[in-house]
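Chemist: Put together the whole structure using the sequences plus the hints.
There are 2 protein chains.
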Amino acid sequence: MGIKVVLSCFYVLYLFLFFVGFPGSIEGRLLLTKKPDPKNAAATARWLVSQNSLGVLNTISSDLGGAPFGNVVSFSDGLPNKGSGIPYFYLTALDPTARDALKDDRASFTISEYPIGTCGKIDPENPTCAKITLTGKLKLVDKNSKEAEFAKSALFSKHAEMKDWPEDHSFQFFKLEIENIFLIDWFGGPKPLTLDQYLHASLNWFASNS
Amino acid sequence: MGIKVVLSCFYVLYLFLFFVGFPGSIEGRLLLTKKPDPKNAAATARWLVSQNSLGVLNTISSDLGGAPFGNVVSFSDGLPNKGSGIPYFYLTALDPTARDALKDDRASFTISEYPIGTCGKIDPENPTCAKITLTGKLKLVDKNSKEAEFAKSALFSKHAEMKDWPEDHSFQFFKLEIENIFLIDWFGGPKPLTLDQYLHASLNWFASNS
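Top line first, the protein sequences correspond to chains E and U.
Just so we're aligned, residue 1 is where the first sequence starts under our numbering, counting upward by one.
Just so we're aligned, residue 1 is where the second sequence starts under our numbering, counting upward by one.
A portion of the hints provided could be inaccurate.
No distinction is drawn between identical chains; accordingly, a pair holds when it is met within one copy or between any pair of copies.
[Said to hold, decoys possible] Below, a list of computed lysine-lysine pairs in the BS3-like style, where the Cα atoms sit at most 25 Å apart:
| id | residue 1 | residue 2 |
| --- | --- | --- |
| 1 | K121 | K82 |
| 2 | K139 | K152 |
| 3 | K139 | K82 |
| 4 | K143 | K34 |
| 5 | K152 | K121 |
Everything labelled a hint here was simulated from the structure, so no lab data went into it.
Please read these numbers as outputs of a predicted model, since none were measured by experiment.
Modeler: Right, here's the structure in full:
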């Protein structure tokens, strides 16, 4: 094939990617940091939380007699590729999750690697397709605090449409105060990972992978 | 461009799709049924459950003092495009979820449209990106029953690698006996949807959309 033909082909591929999107991207955003080695549990956990845009937030349902109730939510732990490890949420008490948390703040937040697009053809339940459950307390963030400003920039930078969500729904910022970490990123069961190891993993890892 | 050039370009595109995959497919499987009109709550709910391959299964944690514990799992409600609406799981008691259920069977199962790939650039928490939470009881399926045969074919047809999962992990079939349905598929809050409406939605809908 001549150079013109090759260029035409790349143009076709470019148009395809432009209109259809690139597999493995999140909302059109290519991943900027590669998945850490599964042996590095803390880095893998922080990568999962930093790179993902959605998860399931679980509360004790006041409407359903104390049943565990999981709800799909968007979240952010900081600016893109500058995660804090702590998930923040933008919730309305029109939704059962926020109502539940205001009555009983026991909660967990569950994230899969699968929607990031890096599990390939591996089954979502295969332990090499990483998953994490953070268990703790779901707390309302004081709207006049510096932390609320952080939550706002963390969430709105990753979820641009949130800034236009209806004011009369009274969305508020919540965060998960993490107490326990359940991480599976390889064969052999959950990885031992303390909150301290998790929270202090980012400093070296993000610096060398951003 | 001549016909040869056009053919070459399609060949490049074919190679790209072959090696990289097609966005909007699940594990390389193109969606065979289109998303129902959001006004049809029952059909939308059944479509979400039929087309998805993973969700978060929530139990009352016996390890963590009764906290709600969400775990990423694969599931199936039947053969591809022949869903029953009832989610089946292949779990091991090495994992906390199965252990929890055997002590306290209260559970919910949460699914997002987002991983199906049909939400486009809409935020995962935007109500037009559909989500469903089925609440009920997580029950072990008798391994010698006809239902266990159904669960096996439902799960293994959508999750081919399950048949090779290690025997010494003692995987067993579980199902969620649904009692309550929480569906968001548009603005205006959860859609009223009874279990009866949900279970009987498929007959007309799948026949005209498969």
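Chemist: Decide, hint by hint, whether the structure agrees.
Modeler: Hint-by-hint comparison with the structure:
no.	hint	in the structure
1	K121 with K82	between (29 Å within a copy, 22 Å between copies)
2	K139 with K152	within (15 Å within a copy, 41 Å between copies)
3	K139 with K82	within (22 Å within a copy, 42 Å between copies)
4	K143 with K34	neither (34 Å within a copy, 42 Å between copies)
5	K152 with K121	between (35 Å within a copy, 20 Å between copies)
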